[in-house]
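**Student:** Those protein sequence lines, which keep their order, are chains A and B.
With our numbering, the residue at position 10 of the first sequence is 10, and numbering never jumps.
With our numbering, the residue at position 71 of the second sequence is 71, and numbering never jumps.
Just so you know, the hints here were simulated from the structure itself, not pulled from any lab data.
One should not assume that every hint holds.
[What the hints assert, rightly or not] Derived CB-CB ranges, DEER-like:
{"hint": "1", "chain 1": "A", "residue 1": "105", "chain 2": "B", "residue 2": "46", "range": "22 to 32 Å"}
{"hint": "2", "chain 1": "B", "residue 1": "32", "chain 2": "A", "residue 2": "121", "range": "50 to 60 Å"}
{"hint": "3", "chain 1": "B", "residue 1": "119", "chain 2": "A", "residue 2": "176", "range": "35 to 45 Å"}
{"hint": "4", "chain 1": "B", "residue 1": "188", "chain 2": "A", "residue 2": "26", "range": "41 to 51 Å"}
{"hint": "5", "chain 1": "B", "residue 1": "70", "chain 2": "A", "residue 2": "118", "range": "44 to 54 Å"}
{"hint": "6", "chain 1": "A", "residue 1": "167", "chain 2": "B", "residue 2": "41", "range": "33 to 43 Å"}
{"hint": "7", "chain 1": "A", "residue 1": "21", "chain 2": "B", "residue 2": "130", "range": "47 to 57 Å"}
{"hint": "8", "chain 1": "A", "residue 1": "104", "chain 2": "B", "residue 2": "70", "range": "20 to 30 Å"}
{"hint": "9", "chain 1": "A", "residue 1": "189", "chain 2": "B", "residue 2": "69", "range": "18 to 28 Å"}
{"hint": "10", "chain 1": "B", "residue 1": "91", "chain 2": "A", "residue 2": "171", "range": "38 to 48 Å"}
{"hint": "11", "chain 1": "B", "residue 1": "103", "chain 2": "A", "residue 2": "33", "range": "49 to 59 Å"}
[Stated by the list, open to error] Derived EDC-like pairs (lysine to aspartate or glutamate); straight-line CA-CA distance at most 20 Å:
{"hint": "12", "chain 1": "B", "residue 1": "197", "chain 2": "A", "residue 2": "115"}
{"hint": "13", "chain 1": "B", "residue 1": "122", "chain 2": "A", "residue 2": "119"}
{"hint": "14", "chain 1": "B", "residue 1": "150", "chain 2": "A", "residue 2": "91"}
{"hint": "15", "chain 1": "A", "residue 1": "123", "chain 2": "B", "residue 2": "110"}
{"hint": "16", "chain 1": "B", "residue 1": "175", "chain 2": "A", "residue 2": "101"}
{"hint": "17", "chain 1": "B", "residue 1": "188", "chain 2": "B", "residue 2": "124"}
{"hint": "18", "chain 1": "B", "residue 1": "122", "chain 2": "B", "residue 2": "52"}
{"hint": "19", "chain 1": "A", "residue 1": "123", "chain 2": "B", "residue 2": "167"}
{"hint": "20", "chain 1": "B", "residue 1": "154", "chain 2": "A", "residue 2": "81"}
{"hint": "21", "chain 1": "B", "residue 1": "65", "chain 2": "B", "residue 2": "124"}
{"hint": "22", "chain 1": "B", "residue 1": "154", "chain 2": "A", "residue 2": "119"}
{"hint": "23", "chain 1": "B", "residue 1": "93", "chain 2": "B", "residue 2": "207"}
{"hint": "24", "chain 1": "B", "residue 1": "150", "chain 2": "A", "residue 2": "101"}
{"hint": "25", "chain 1": "B", "residue 1": "65", "chain 2": "B", "residue 2": "110"}
{"hint": "26", "chain 1": "B", "residue 1": "175", "chain 2": "B", "residue 2": "148"}
{"hint": "27", "chain 1": "B", "residue 1": "93", "chain 2": "B", "residue 2": "165"}
{"hint": "28", "chain 1": "B", "residue 1": "154", "chain 2": "A", "residue 2": "102"}
{"hint": "29", "chain 1": "B", "residue 1": "65", "chain 2": "B", "residue 2": "148"}
{"hint": "30", "chain 1": "B", "residue 1": "164", "chain 2": "B", "residue 2": "148"}
{"hint": "31", "chain 1": "A", "residue 1": "123", "chain 2": "A", "residue 2": "102"}
{"hint": "32", "chain 1": "B", "residue 1": "122", "chain 2": "B", "residue 2": "143"}
{"hint": "33", "chain 1": "B", "residue 1": "65", "chain 2": "A", "residue 2": "126"}
{"hint": "34", "chain 1": "B", "residue 1": "154", "chain 2": "A", "residue 2": "115"}
{"hint": "35", "chain 1": "B", "residue 1": "164", "chain 2": "B", "residue 2": "110"}
{"hint": "36", "chain 1": "B", "residue 1": "154", "chain 2": "A", "residue 2": "84"}
{"hint": "37", "chain 1": "A", "residue 1": "52", "chain 2": "B", "residue 2": "52"}
{"hint": "38", "chain 1": "B", "residue 1": "197", "chain 2": "B", "residue 2": "89"}
{"hint": "39", "chain 1": "B", "residue 1": "122", "chain 2": "A", "residue 2": "115"}
{"hint": "40", "chain 1": "B", "residue 1": "186", "chain 2": "B", "residue 2": "50"}
Note that the structure is a prediction, hence the values are computed from the model and not measured.
For glycine and all other residues, C-beta sits at the position ideal for the given N, C-alpha and C.
The primary structure of each chain is shown beneath.
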Amino acid sequence: MKRQEGRARVDVPAPRQRRGMAVVVVLAFAVIVGVLLFALVSSSTTIGSQNKLTLHQLQAYYLAHSGMQHVQLKLRLLPRETYEAFAGGSDPNPYADISSDDQASLLVCPNGPFDLFTDQVPKDAEPFRGSYRCESFRLSGTHRRMKLVQDAYRIKIVAEVYPKFPASLKNHVADVIDEEIIVSRFTGGIGGP
Amino acid sequence: MTTRSIRPPTLRPRPAQGRGFTVVEVMIAFLVLGAVLLPVFLFLTNAMKETEQFYCEAAAISRAKFVMDAMMFQIPWRCIRAGNPCVFDDPKKVPAVGSLLQAAMPLMFETGYDGPRPGTFKGEGLIKDAKGFLYRIRVACYDIEDLDFKIGGKIFPAARLTSKDADGRYTLLKKLVLQVRWSLTKGKDPLSDPQAKNLFLVGYKADLER
Numbered sequence: 001m002k003r004q005e006g007r008a009r010v011d012v013p014a015p016r017q018r019r020g021m022a023v024v025v026v027l028a029f030a031v032i033v034g035v036l037l038f039a040l041v042s043s044s045t046t047i048g049s050q051n052k053l054t055l056h057q058l059q060a061y062y063l064a065h066s067g068m069q070h071v072q073l074k075l076r077l078l079p080r081e082t083y084e085a086f087a088g089g090s091d092p093n094p095y096a097d098i099s100s101d102d103q104a105s106l107l108v109c110p111n112g113p114f115d116l117f118t119d120q121v122p123k124d125a126e127p128f129r130g131s132y133r134c135e136s137f138r139l140s141g142t143h144r145r146m147k148l149v150q151d152a153y154r155i156k157i158v159a160e161v162y163p164k165f166p167a168s169l170k171n172h173v174a175d176v177i178d179e180e181i182i183v184s185r186f187t188g189g190i191g192g193p
Numbered sequence: 001m002t003t004r005s006i007r008p009p010t011l012r013p014r015p016a017q018g019r020g021f022t023v024v025e026v027m028i029a030f031l032v033l034g035a036v037l038l039p040v041f042l043f044l045t046n047a048m049k050e051t052e053q054f055y056c057e058a059a060a061i062s063r064a065k066f067v068m069d070a071m072m073f074q075i076p077w078r079c080i081r082a083g084n085p086c087v088f089d090d091p092k093k094v095p096a097v098g099s100l101l102q103a104a105m106p107l108m109f110e111t112g113y114d115g116p117r118p119g120t121f122k123g124e125g126l127i128k129d130a131k132g133f134l135y136r137i138r139v140a141c142y143d144i145e146d147l148d149f150k151i152g153g154k155i156f157p158a159a160r161l162t163s164k165d166a167d168g169r170y171t172l173l174k175k176l177v178l179q180v181r182w183s184l185t186k187g188k189d190p191l192s193d194p195q196a197k198n199l200f201l202v203g204y205k206a207d208l209e210r
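Build out the structure end to end from the sequences listed, making use of the hints.
**Tutor:** Next up, the structure:
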């Protein structure tokens with residue numbers, strides 16, 4: 001009796017049990033192949049979308065720096081008037097007019113197909129929709145020494161790019177520059193903090 | 001005695017573990033394996049092509065950034081003259097600036113940037129990368145003339161704030177539009193490829209040099 005029990009333990013499984021293993025093996029194989037495919041597809045998609053995002057971030061970056069250069073230009077040309085606007089206390093942001101959407105010649109907006117390699121490129125059209133604006137502009141300090149008077153301004157520029165324009169304004173990409181600029185009130189000379 | 005020891009032949013089938021596979025089973029297995037692996041191989045082939053596509057895209061973005069950085073932050077405002085393509089020319093003819101332009105142009109545009117006169121350069125070029133893909137790059141420049149500034153209830157037009165530039169215009173801002181076009185076929189000029197890809201950058205450069 002004991003001998004028979006011992007033999008039964010050593011025996012290979014019955015054919016019916018081994019056929020069940022085939023289903024498990026096939027399923028495992030299918031899952032592995034599926035995971036492999038999913039990983040390949042997702043990694044490929046990620047690289048493509050990363051490139052697109054990088055480009056849109058770059059577009060927003062240059063628009064933000066355009067806005068900052070626009071602000072610096074106004075500050076250099078009108079340093080005394082800028083200070084007086086704050087001294088008057090009536091205008092919380094005297095640089096609100098620094099906005100690409102508020103001046104027709106600065107508007108960044110597509111108007112049909114755009115290609116610089118053709119002869120007829122519309123002067124008033126751009127290849128994508130974007131904008132910059134001076135979000136905030138405040139006097140952060142004034143420095144007087146001898147005859148030199150310098151004013152420090154805290155400036156925040158926001159630039160946005162709308163990759164799906166005109167179909168949608170969703171998924172826009174933004175870039176922000178928040179900087180302090182010191183300017184001579186009488187000469188317009190600009191220095192850093 | 002001997003007749004008792006001889007077992008009669010049995011018709012029972014052999015146990016399953018020793019049975020093996022028939023040719024039909026093996027063929028079906030190959031068929032299933034092929035059906036599963038075929039899309040994987042197709043995907044891998046496609047992925048190889050996409051890798052090159054992404055490589056070209058990244059190279060084009062990198063070049064566009066380099067050129068735009070140089071124009072926005074390095075090259076003097078007065079040297080970028082309006083046009084499509086724009087023209088690089090220093091109206092003051094400062095030797096150091098001339099040397100800067102001379103050194104910058106091959107880095108920015110590689111070939112095809114020679115201007116109409118000696119010492120002048122066009123804002124376009126043809127670039128070949130390490131893998132043999134070709135990129136066309138072009139920068140257009142537009143003068144923004146009707147710019148005005150509002151502050152404290154007053155309006156200051158550009159004509160009141162600045163003198164005329166070398167082109168006889170009251171310009172304080174220039175619009176720069178950059179386009180890179182590339183072909184996904186090695187060695188093919190993107191201008192002759194209808195499937196060529198494009199990317200664009202736009203920036204405004206202010207006259208901060210006065």
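**Student:** Decide, hint by hint, whether the structure agrees.
**Tutor:** So, going through the hints one by one against the coordinates:
| no. | hint | in the structure |
| --- | --- | --- |
| 1 | 105(A) with 46(B): 22 to 32 Å | violated (45 Å) |
| 2 | 32(B) with 121(A): 50 to 60 Å | holds (57 Å) |
| 3 | 119(B) with 176(A): 35 to 45 Å | holds (40 Å) |
| 4 | 188(B) with 26(A): 41 to 51 Å | holds (46 Å) |
| 5 | 70(B) with 118(A): 44 to 54 Å | violated (25 Å) |
| 6 | 167(A) with 41(B): 33 to 43 Å | holds (36 Å) |
| 7 | 21(A) with 130(B): 47 to 57 Å | holds (52 Å) |
| 8 | 104(A) with 70(B): 20 to 30 Å | holds (29 Å) |
| 9 | 189(A) with 69(B): 18 to 28 Å | holds (25 Å) |
| 10 | 91(B) with 171(A): 38 to 48 Å | holds (43 Å) |
| 11 | 103(B) with 33(A): 49 to 59 Å | holds (55 Å) |
| 12 | 197(B) with 115(A) | holds (11 Å) |
| 13 | 122(B) with 119(A) | holds (16 Å) |
| 14 | 150(B) with 91(A) | holds (12 Å) |
| 15 | 123(A) with 110(B) | violated (27 Å) |
| 16 | 175(B) with 101(A) | holds (14 Å) |
| 17 | 188(B) with 124(B) | holds (17 Å) |
| 18 | 122(B) with 52(B) | violated (30 Å) |
| 19 | 123(A) with 167(B) | holds (18 Å) |
| 20 | 154(B) with 81(A) | holds (10 Å) |
| 21 | 65(B) with 124(B) | holds (15 Å) |
| 22 | 154(B) with 119(A) | violated (40 Å) |
| 23 | 93(B) with 207(B) | holds (18 Å) |
| 24 | 150(B) with 101(A) | holds (15 Å) |
| 25 | 65(B) with 110(B) | holds (15 Å) |
| 26 | 175(B) with 148(B) | holds (15 Å) |
| 27 | 93(B) with 165(B) | holds (14 Å) |
| 28 | 154(B) with 102(A) | holds (17 Å) |
| 29 | 65(B) with 148(B) | violated (30 Å) |
| 30 | 164(B) with 148(B) | holds (15 Å) |
| 31 | 123(A) with 102(A) | holds (18 Å) |
| 32 | 122(B) with 143(B) | holds (17 Å) |
| 33 | 65(B) with 126(A) | holds (18 Å) |
| 34 | 154(B) with 115(A) | violated (39 Å) |
| 35 | 164(B) with 110(B) | violated (33 Å) |
| 36 | 154(B) with 84(A) | holds (12 Å) |
| 37 | 52(A) with 52(B) | holds (15 Å) |
| 38 | 197(B) with 89(B) | violated (30 Å) |
| 39 | 122(B) with 115(A) | holds (17 Å) |
| 40 | 186(B) with 50(B) | holds (14 Å) |
Consistency with the previously given hints fails for numbers 1, 5, 15, 18, 22, 29, 34, 35, 38, ordered from lowest to highest.
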